[in-house]
Every structure is written in structure tokens, then in C-alpha cells.
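J.: Chains as they are written, first to last, in the numbering used here: chain L, 1 to 626; chain D, 1 to 111.
Hint data in this document are derived by calculation from the structure and do not stem from the laboratory. Predicted, not measured: the structure shown is a model, and the values here were computed from it. It is possible that some hints are incorrect.
[Stated by the list, open to error] If you want the footprint, here are the derived chain D segments under chain L, 3+ residues with CB under 8 Å:
id : stretch
1  : 32-39
2  : 44-54
3  : 59-66
4  : 79-85
Even glycine gets a Cβ: it sits at the ideal position worked out from N, Cα and C.
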Amino acid sequence: MTLPVERNVAASRRATLARARQSRRPSRLGSPAGAAAQPDYLLADDAGFPGLLKRAWQQAAAAPDLPAAVGTLLTLAGHVPPDIQLRALRTTDECALNVLCGRSWRGGARSAQAGDDAEPVFLGEIGLNTSGRIVVRVPSQGPLSGEEDLVGGILRVPWSARALADYRAEMDLATAGLHAAIADCRQWLDTAGERGRCDMLENLKEAALRTAPFVLYQGNRQYTNFRDRNTLTGKTLWPGHPACALSSLQAVPLSLWSDSDVMLVVCLTLLVRSAGFARIEEANGTQLTLDHVAYLLERTRLAYNGVPGRTQVPPASSSRVPALNELAEALGRRRGEIGPTVQLYREIYGPLMHKIERVAGPPGEAARSLEAVLCAQLRGRLPVTGGTLAELGASIKVAPGWLAEPHGEFTTGLESLVYETVRAATAAFEADFAMSRGLRPVTALTNALRGQQWAQLTKWDLPHFFCCVVPAPEARRHFGDSFSSLADTAWAISSRMQYNSWHFLAGNLPPVPEVAARDYFVPPTIPDIAYYSDQHHHGHVAAKVRFSIRSPQAVEVLGRTFRGFVDLRLLRSDGLPFGEQDLLAAQRTSAFIANATSLAAAMAARGADIEITAFDSQWHWAKIVP
Amino acid sequence: MPWAKDTPPAASSRRSERITSRSRNETWKKPPRRIEKSECITCDTCLRNCPPEFGAIFDRGLDVVIVPELCSGCPVCVMVCPVDCIYVDEEWTGTDDEMWNHIELTAGGAS
Numbered sequence: 001m002t003l004p005v006e007r008n009v010a011a012s013r014r015a016t017l018a019r020a021r022q023s024r025r026p027s028r029l030g031s032p033a034g035a036a037a038q039p040d041y042l043l044a045d046d047a048g049f050p051g052l053l054k055r056a057w058q059q060a061a062a063a064p065d066l067p068a069a070v071g072t073l074l075t076l077a078g079h080v081p082p083d084i085q086l087r088a089l090r091t092t093d094e095c096a097l098n099v100l101c102g103r104s105w106r107g108g109a110r111s112a113q114a115g116d117d118a119e120p121v122f123l124g125e126i127g128l129n130t131s132g133r134i135v136v137r138v139p140s141q142g143p144l145s146g147e148e149d150l151v152g153g154i155l156r157v158p159w160s161a162r163a164l165a166d167y168r169a170e171m172d173l174a175t176a177g178l179h180a181a182i183a184d185c186r187q188w189l190d191t192a193g194e195r196g197r198c199d200m201l202e203n204l205k206e207a208a209l210r211t212a213p214f215v216l217y218q219g220n221r222q223y224t225n226f227r228d229r230n231t232l233t234g235k236t237l238w239p240g241h242p243a244c245a246l247s248s249l250q251a252v253p254l255s256l257w258s259d260s261d262v263m264l265v266v267c268l269t270l271l272v273r274s275a276g277f278a279r280i281e282e283a284n285g286t287q288l289t290l291d292h293v294a295y296l297l298e299r300t301r302l303a304y305n306g307v308p309g310r311t312q313v314p315p316a317s318s319s320r321v322p323a324l325n326e327l328a329e330a331l332g333r334r335r336g337e338i339g340p341t342v343q344l345y346r347e348i349y350g351p352l353m354h355k356i357e358r359v360a361g362p363p364g365e366a367a368r369s370l371e372a373v374l375c376a377q378l379r380g381r382l383p384v385t386g387g388t389l390a391e392l393g394a395s396i397k398v399a400p401g402w403l404a405e406p407h408g409e410f411t412t413g414l415e416s417l418v419y420e421t422v423r424a425a426t427a428a429f430e431a432d433f434a435m436s437r438g439l440r441p442v443t444a445l446t447n448a449l450r451g452q453q454w455a456q457l458t459k460w461d462l463p464h465f466f467c468c469v470v471p472a473p474e475a476r477r478h479f480g481d482s483f484s485s486l487a488d489t490a491w492a493i494s495s496r497m498q499y500n501s502w503h504f505l506a507g508n509l510p511p512v513p514e515v516a517a518r519d520y521f522v523p524p525t526i527p528d529i530a531y532y533s534d535q536h537h538h539g540h541v542a543a544k545v546r547f548s549i550r551s552p553q554a555v556e557v558l559g560r561t562f563r564g565f566v567d568l569r570l571l572r573s574d575g576l577p578f579g580e581q582d583l584l585a586a587q588r589t590s591a592f593i594a595n596a597t598s599l600a601a602a603m604a605a606r607g608a609d610i611e612i613t614a615f616d617s618q619w620h621w622a623k624i625v626p
Numbered sequence: 001m002p003w004a005k006d007t008p009p010a011a012s013s014r015r016s017e018r019i020t021s022r023s024r025n026e027t028w029k030k031p032p033r034r035i036e037k038s039e040c041i042t043c044d045t046c047l048r049n050c051p052p053e054f055g056a057i058f059d060r061g062l063d064v065v066i067v068p069e070l071c072s073g074c075p076v077c078v079m080v081c082p083v084d085c086i087y088v089d090e091e092w093t094g095t096d097d098e099m100w101n102h103i104e105l106t107a108g109g110a111s
């Protein structure tokens with residue numbers, strides 16, 4: 001691993017090695033790394049998602065009737081919108097829930113029949129499986145316990161003769177629709193030709209490799225590069241791995257592709273064409289059929305058409321693939337048009353990693369009040385003037401020299417600006433943690449860019465990046481009321497954010513072979529608000545990342561735009577989630593940091609020596625522990 | 001795939017032998033390491049820095065795991081881990097077949 005250039009030229013290699021052998025966990029500073037006999041922080045086996053499912057099931061099992069129980073399971077006890085879970089159902093389960101409970105994501109839900117007084121003719125079951133989906137034992141199926149990995153037990157559901165008849169009618173309709181859709185998809189893929197299909201597979205493998213994980217369903221089949229057994233390219237399965245469903249299709253004739261693979265490739269391609277790779281995450285946790293994709297595209301069309309002053313995107317002329325493809329491509333173009341004029345963002349429902357793209361309204365009084373509080377704090381701590389963050393940024397642009405000079409306790413004004421902005425954000429947004437990440441060797445970056453040292457840049461590792469994390473002192477209540485644990489958590493968060501910066505840097509470089517071979521994610525361009533994200537990643541569970549805002553910003557360096565180069569993140573471990581007005585204020589705050597970083601990079605390009613040296617583990621310990 | 005990188009042929013061959021035999025080198029004096037998943041931030045720094053002659057660290061779903069049969073107990077991963085979540089694993093247990101099926105694809109640096 002390459003390290004940033006030592007600023008102190010007298011520091012010997014031996015001293016550097018000695019430092020490297022030290023633990024960087026704040027509470028273990030001064031001890032050798034790897035010497036602790038036991039971990040300090042152990043999570044329960046069911047921490048996060050498994051525990052949430054267990055609680056949701058217990059609550060459903062105690063519900064007074066079937067509709068209430070199903071309602072609880074559909075929201076995972078109030079943690080996700082019910083329509084996501086409805087769209088996750090297999091065809092049989094979807095038809096059964098419609099008949100028994102009158103619940104469907106499609107228009108025309110039936111009236112519920114589970115409670116009718118007719119003599120039951122079949123005793124079915126409802127359960128919750130460990131992926132979080134509702135599963136139903138329908139006529140002709142065996143008990144769920146033999147077929148599913150269930151979270152708890154089952155609820156027995158009596159079916160009347162009328163329910164059975166309605167179910168058969170629903171299934172006949174759904175099955176016919178599904179068969180027609182599969183034939184349609186096959187025809188479309190056939191028309192695309194071998195080269196066209198190969199290009200689609202390459203593009204989708206790249207999507208799976210370069211974006212956040214997917215969890216998608218085709219009936220019982222799970223396509224994922226996340227938890228459980230992986231079936232798509234990602235961190236676990238490298239490109240070309242034989243277990244990747246996409247890779248394994250590449251040399252196989254279309255006639256041998258399974259129906260689910262056919263549907264997967266078509267649906268993912270439509271999603272990507274409507275907005276790029278990230279659109280796939282808006283299908284996370286749901287089934288992938290033409291109907292499901294059509295629903296998502298239509299919802300997006302209505303949202304985009306709500307932006308005034310632009311040409312309207314017409315609806316799909318039919319539910320056939322060519323018509324949906326036309327709509328997807330029109331949405332992709334429309335997204336490019338409205339992007340500069342409105343604030344797009346995503347809601348993230350953490351338990352299912354499901355994302356929904358939204359068009360933000362204008363900043364209101366709440367956002368303006370937050371900004372005013374931030375500005376007042378910053379005017380008192382930094383050499384800036386103005387009444388808005390944009391004005392504060394403009395005042396720096398007039399005289400940016402201080403960014404490259406020592407300021408307060410910091411080696412550079414840029415570090416001081418980052419810290420004071422994050423500190424002010426923690427207080428103003430009433431966050432448990434606020435943070436901002438970036439790159440340490442600013443001048444070295446400009447030199448590397450001038451020399452087009454792309455391969456060298458791909459080798460920069462975590463120590464080349466920083467993340468300044470400022471917790472509220474009261475946040476220690478979430479961590480055993482311990483400042484030491486709070487500091488360890490802040491540093492763990494900081495380290496993970498360094499990794500995120502590492503992950504995004506390469507995505508901004510020309511796609512030379514060394515860059516293409518590097519593990520990287522497509523850098524983020526729009527912000528998001530997350531709900532109940534403390535479910536899956538162990539780091540999220542341990543750091544109690546329940547509600548959050550991520551506000552990424554681009555930075556200009558030597559005329560090159562580095563997307564997602566800096567960000568502001570806000571985190572609450574309990575209480576209320578953040579809202580859209582918080583997000584709009586956060587965007588202005590992160591833009592303030594990005595503006596200063598771009599100005600610092602411009603000075604570095606002109607010869608100033610700028611390197612961020614603060615925000616290491618020692619710094620976090622000193623700031624957090626009294 | 002990280003194991004394809006700059007591995008001398010002899011070292012690569014010895015790693016392949018360990019994979020084929022699914023066993024740990026008995027001459028290694030140090031016990032293997034293990035990653036405590038409760039403390040791991042999944043940054044893959046250990047994986048990127050594990051010497052290719054060992055190639056002992058893999059992503060597995062949500063986790064980053066050290067395959068004890070391939071880990072010599074050297075300190076490289078420990079030194080680069082930003083959160084110090086890698087511990088000596090005196091009581092390691094054998095790797096499961098599903099994981100070996102995955103690892104076998106990396107024998108000899110082949111992908």
C-alpha cells in the first residue's frame with residue numbers, strides 16, 4: 001500500500017513502519033495493532049435485519065386478524081412502505097394476498113375474503129422468509145416450513161370455495177400475462193441479435209460491478225450481489241465468475257436461456273436505459289417483470305412531467321417491450337434535461353435497500369432557517385462574509401489565499417473550513433454525527449493529473465483520503481454512554497468514508513486498463529435520504545446508522561470534474577428521520593465545502609502546497625474524548 | 001481478482017497446492033488471523049494488501065473473511081487495517097466446501 005508523501009522529510013522509514021504497526025483504533029492508540037486478545041464490540045447474532053424480521057413476525061403473529069397481520073408484514077412493522085413488499089411477491093403469493101386480503105400494488109384490488117363465514121375448503125399458510133418477503137402456501141403446495149427459510153412459524157389461513165375460485169381466476173390471468181411477457185422479451189432479445197445481447201450482458205455486468213448491491217427476484221429465484229448466496233457479479237463474484245447469472249449466459253444461445261434470465265436481462269436493460277446503472281436500485285427488493293418495470297417507469301414519468309416548463313414525456317403506447325424501451329429512453333433524455341433545473345434525490349428504505357427517485361420542491365423556510373444558523377456559526381469562526389452559504393462561498397473566492405495557510409489549530413484553512421462546517425452541521429441539523437470526506441494530497445493530485453499518472457492514482461489507498469467526523473457529545477448515549485466508544489465509532493465511520501472516497505476516485509479517471517481493472521463505484525451525483533439503514537452492513541449496525549442524509553458534490557481540479565469528490569453526511573441514531581428541507585440545506589452546505597475545495601485545488605495547481613493532515617484517529621480521539 | 005497480481009510462479013504453485021489439498025502448511029508456526037465481523041467496516045484494505053503468495057482474504061456476501069488454511073499469520077493485514085479488527089485465531093475451524101469451490105477458481109491466479 002502506498003502512503004502519502006511524508007511532509008517531514010526527516011521521518012525515517014523505520015519510524016513510518018513503527019507507526020504502521022500501531023493500532024489506529026482511537027481507544028487502542030499506543031498499542032500494537034492486532035495485539036488485543038478479544039474484540040471490544042460484539043454484535044448480537046440477530047443484530048440488524050434478522051432481528052427486525054423477528055420483531056416484525058412476532059408483531060404480526062400477535063395481530064387480531066389476518067389483514068392486520070399482513071399489514072404488519074408488508075411494512076416490516078412500520079419500517080418500509082407496503083407497496084415495495086407487495087411488488088416483492090411471487091405470482092402465486094400476489095394472487096393469494098389479493099384474494100384473501102384485498103392487497104395488491106396493481107389497480108383493482110379485490111375485496112378481502114379471508115374473513116368470510118363460509119366453510120373452509122383449504123387451510124393455507126402465511127409466513128415471512130429470511131429475505132423479508134411474505135410467502136403464502138396456496139392450493140397444491142406443501143407446507144411452507146419444508147420449502148422456505150422462515151423467520152418464525154406460520155399463520156394458518158382458511159380459504160373458502162369462493163376464495164379458491166377467485167384465486168384460480170387471478171392465476172389464470174396472471175399466468176397468461178406472464179407467458180405473453182416472456183414471449184415478448186424473447187422476441188426482443190432475438191431481434192437484438194447475438195452482438196446486441198452480448199453488449200447488454202457486458203453493460204449489466206458493469207452495472208452490477210460499479211454500483212451499490214442489488215437484490216432482485218424472479219419468482220423464487222434471487223439475483224443478488226449482496227448478502228446470502230451471491231448470483232451476480234459484485235464484490236464476492238468477480239467479472240466472469242461462473243456463478244454470476246449474467247456471465248454464465250454470455251456464450252449460451254438465447255434458446256437455452258431460462259425464462260427468468262430472459263426477463264432479468266430485458267428488465268435490467270430497460271431500467272438502465274431510463275437513468276443509468278443506479279435506476280436498478282429502485283427495483284431492489286421487488287420482482288422483475290415487465291409489469292413491475294412498467295410501473296416504475298410510469299411513476300418516474302409522472303414525477304418528471306411534474307417539472308414545469310418542459311415538454312411532457314408521453315406514456316408507453318403499450319405494455320410490450322419496444323414501447324417500454326421507447327419510454328425508458330425518453331425518460332433518460334428527460335432526466336438529463338431537468339437535472340440542472342431541479343434537485344433530484346433518492347429516498348432509501350434501508351431494510352430492503354430500495355430506492356425511490358424524487359424531485360425536490362423548492363427550499364422553504366425550514367431550509368432557509370437551517371442555512372441561516374449555519375452561516376452565523378461560520379461567520380464567527382472563519383474569515384467569510386455574507387448571509388447565505390453561496391455568499392460565504394463567493395467571499396472566499398474573492399480572497400482564497402487563507403485556505404492554503406495555517407488557520408486556527410489547523411495546517412491549512414481548508415481543514416479549518418471543513419471542520420467548522422461539519423461542527424456547525426452537527427448542531428444545526430441536530431445530528432448525532434456529521435461528517436465530510438475528501439482527498440489529503442491536493443497538490444500531489446494536481447501533479448498526478450498533469451502527468452496523466454492514472455495508474456499511480458489507482459494505487460492511492462485509504463491513507464490518501466480523510467473524513468472529518470464530528471459527533472454530538474450527547475451521541476455517546478447510543479454507545480454505552482462512553483466517550484471512548486463514541487471516538488472508536490467516529491473513527492470507524494471516518495475509515496469507511498475514506499474507503500468510499502477511494503471507491504469513487506477511480507470512477508473519475510479515464511478508463512485506461514489500470515483504471516478498468518481497479519475496484520471502483522460510479523461516483524454519486526445526487527443526494528439521498530435514508531430510513532432505517534441500520535440493518536445490513538455490520539458497520540451500519542454497529543454505528544447505528546438509522547437515519548441519514550448523503551449530500552455528494554463535484555470538485556473541479558485542473559479543469560477536470562471529479563464527481564462525488566466531497567460530501568456532507570448527517571446521521572441520527574434514533575428519533576426522527578431527516579426530511580426534504582434538511583436535504584436541501586445539506587446540499588447547500590456540501591456545495592460550500594466543494595467550492596472551497598475547488599478553490600484550494602486551483603491554488604495547488606498554481607504551486608501552493610496543500611495537504612490535509614488532520615482528521616486521523618489521534619485527532620478524532622483528542623476532539624471527542626474530554 | 002486480486003490473486004492474479006504479480007505472484008511469483010513458485011509461490012503461486014504453493015498456494016495452489018494448499019487449495020488442492022484444502023489444508024494449511026504445517027510448517028507455519030503462527031496461527032492464522034480472523035476478522036471480527038462486528039468491528040469490520042468492509043473496506044477490503046486487508047484483502048488488497050494480503051500478499052499474493054497467500055491470497056487468503058475474500059469477500060463473502062456482507063463479510064470479508066480470512067481462509068485459515070491459506071493464512072500464514074503474517075502481520076500485513078493487521079498493519080493496514082484502519083480499525084484494528086483482525087485477531088489471532090488460535091481455535092480456527094476448517095473452511096466449508098462451498099467456500100472452497102469458490103476459492104478453487106483462484107488457484108494459480110486463474111480467473
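J.: Of all the hints numbered above, which does this structure not satisfy? Sort the numbers upward.
T.: No hint contradicted; all consistent.
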